Amino acid sequence: MESPLKFLIAALVMSPLMAQGQFATKSAPQVRNTPALKTNDLKPNLVQANKLQKIEQPKILKESDISKFPIITFSPEELERSRQKSWEISPRKPFDTGVSIIHWGTLTETQFLMTPVIRYVVNTQYNYQAYSMRVLANLQQGKDYRLVLNVEQKNFPPNSTVGFKIGTSEFRMEWPKDRNEIIVLFNNTFTGQQVIDITPVQVSGRRESIDSKLEFAIKSVRLEELK
9 MESPLKFLIA
19 ALVMSPLMAQ
29 GQFATKSAPQ
39 VRNTPALKTN
49 DLKPNLVQAN
59 KLQKIEQPKI
69 LKESDISKFP
79 IITFSPEELE
89 RSRQKSWEIS
99 PRKPFDTGVS
109 IIHWGTLTET
119 QFLMTPVIRY
129 VVNTQYNYQA
139 YSMRVLANLQ
149 QGKDYRLVLN
159 VEQKNFPPNS
169 TVGFKIGTSE
179 FRMEWPKDRN
189 EIIVLFNNTF
199 TGQQVIDITP
209 VQVSGRRESI
219 DSKLEFAIKS
229 VRLEELK
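Heads up, the sequence shown is in the working numbering, so the first residue is 9 and it goes up one at a time.
No lab work stands behind these hints: they were computed from the structure.
Given the structure is predicted, the values throughout are model-derived calculations rather than measurements.
Heads up, some of the hints might be wrong.
To be verified - Within a straight-line C-alpha distance of at most 30 Å, the following computed DSS-like cross-link-like pairs (lysine-lysine) qualify:
1. K101 with K185
2. K59 with K70
3. K70 with K101
4. K67 with K235
5. K76 with K62
6. K227 with K70
7. K101 with K151
8. K185 with K227
9. K101 with K76
10. K227 with K101
11. K62 with K185
12. K235 with K151
13. K59 with K101
14. K93 with K227
15. K235 with K93
16. K59 with K151
17. K70 with K185
18. K67 with K185
19. K59 with K235
Work the whole structure out from these sequences, hints included.
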């Protein structure tokens, strides 16, 4: 049964056929921005989270664009790094200090439901709805972070991928086969508000299977600052 929680209408105009909602959490005052790190200071094993020059509404994703996003993985040693701070958001805990969420989709008492929405098809090219979730977080320059999505598979098919955009970096992660977490490690290159967009997508060859029944649920979003 879905929660009686009411959504605020999202400021971003989405597809007219899609129920719209904005789920926003409280956030701490903005942190003063500082110059980004130099290229030779970056850590090659992590996603480099640079600063967007301008925060805009999520763009429409074409299948041809999605196919160019690299599918990335992390080593077990990297994934097991210790944390020193942690923030977590879920439908039952809707805010944490310095972190906010905007969710364009359905909210239940325990889950954010994520569905790949097709806008239209032209010459077999599929245009997906813009990113389904946006995480805004006040982060520190030069710190490593771990983003953990606690997910529950519903009718989301195997061999599918989840799309991310952290700052200016866009990439995909494979749907987990033997665990209920999707984990991303990134290094933040400035002090200020970082933008993290998330969307479900499919890999090439599964186009005939995409419809409104293909969805997965995020039970919580956890962000950790690593030692």
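Taking the hints in turn, this is what the structure says about them:
1. Pair hint K101 plus K185 holds up; C-alpha atoms about 27 Å apart against a cutoff of 30 Å.
2. Between the alpha carbons of K59 and K70 the distance comes to roughly 23 Å, so the proposed pair stays at or under 30 Å and holds.
3. Distance check on the hinted pair: K70 and K101 sit about 34 Å apart at the alpha-carbon level, beyond 30 Å; violated.
4. For the suggested pair K67 and K235, the alpha carbons sit about 34 Å apart, so the restraint of at most 30 Å is broken.
5. At roughly 23 Å between alpha-carbon atoms, K76 and K62 fall within 30 Å of each other, so this suggested pair holds.
6. Our distance criterion of 30 Å between C-alpha atoms is met by K227 and K70, whose separation comes to about 27 Å.
7. With a C-alpha separation of about 25 Å, the suggested pair K101 and K151 falls inside the 30 Å cut-off, and the hint holds.
8. A C-alpha spacing of about 17 Å is found between K185 and K227, which places the hinted pair at or below 30 Å, so the restraint holds.
9. With a C-alpha separation of about 35 Å, the suggested pairing of K101 with K76 is violated against the 30 Å cut-off.
10. At roughly 11 Å between alpha-carbon atoms, K227 and K101 fall within 30 Å of each other, so this suggested pair holds.
11. Of the supplied pair hints, the one linking K62 and K185 is violated, its CA atoms being roughly 36 Å apart against a limit of 30 Å.
12. Of the supplied pair hints, the one linking K235 and K151 holds, its CA atoms being roughly 9 Å apart against a limit of 30 Å.
13. Between the alpha carbons of K59 and K101 the distance comes to roughly 28 Å, so the proposed pair stays at or under 30 Å and holds.
14. About 20 Å separates the Cα atoms of K93 and K227, which keeps this hinted pair within 30 Å; it holds.
15. Distance check on the hinted pair: K235 and K93 sit about 9 Å apart at the alpha-carbon level, within 30 Å; holds.
16. Only pairs whose Cα atoms come within 30 Å are accepted, and K59 paired with K151 is accepted, the gap being roughly 14 Å.
17. Note on K70 and K185: the hinted pairing holds, with a Cα-Cα distance of about 26 Å set against a maximum of 30 Å.
18. With a C-alpha separation of about 29 Å, the suggested pair K67 and K185 falls inside the 30 Å cut-off, and the hint holds.
19. For the hint linking K59 to K235, the alpha-carbon distance of about 22 Å falls within 30 Å, and the restraint holds.
The structure is inconsistent with the numbered hints 3, 4, 9, 11, although it conforms to all the rest.
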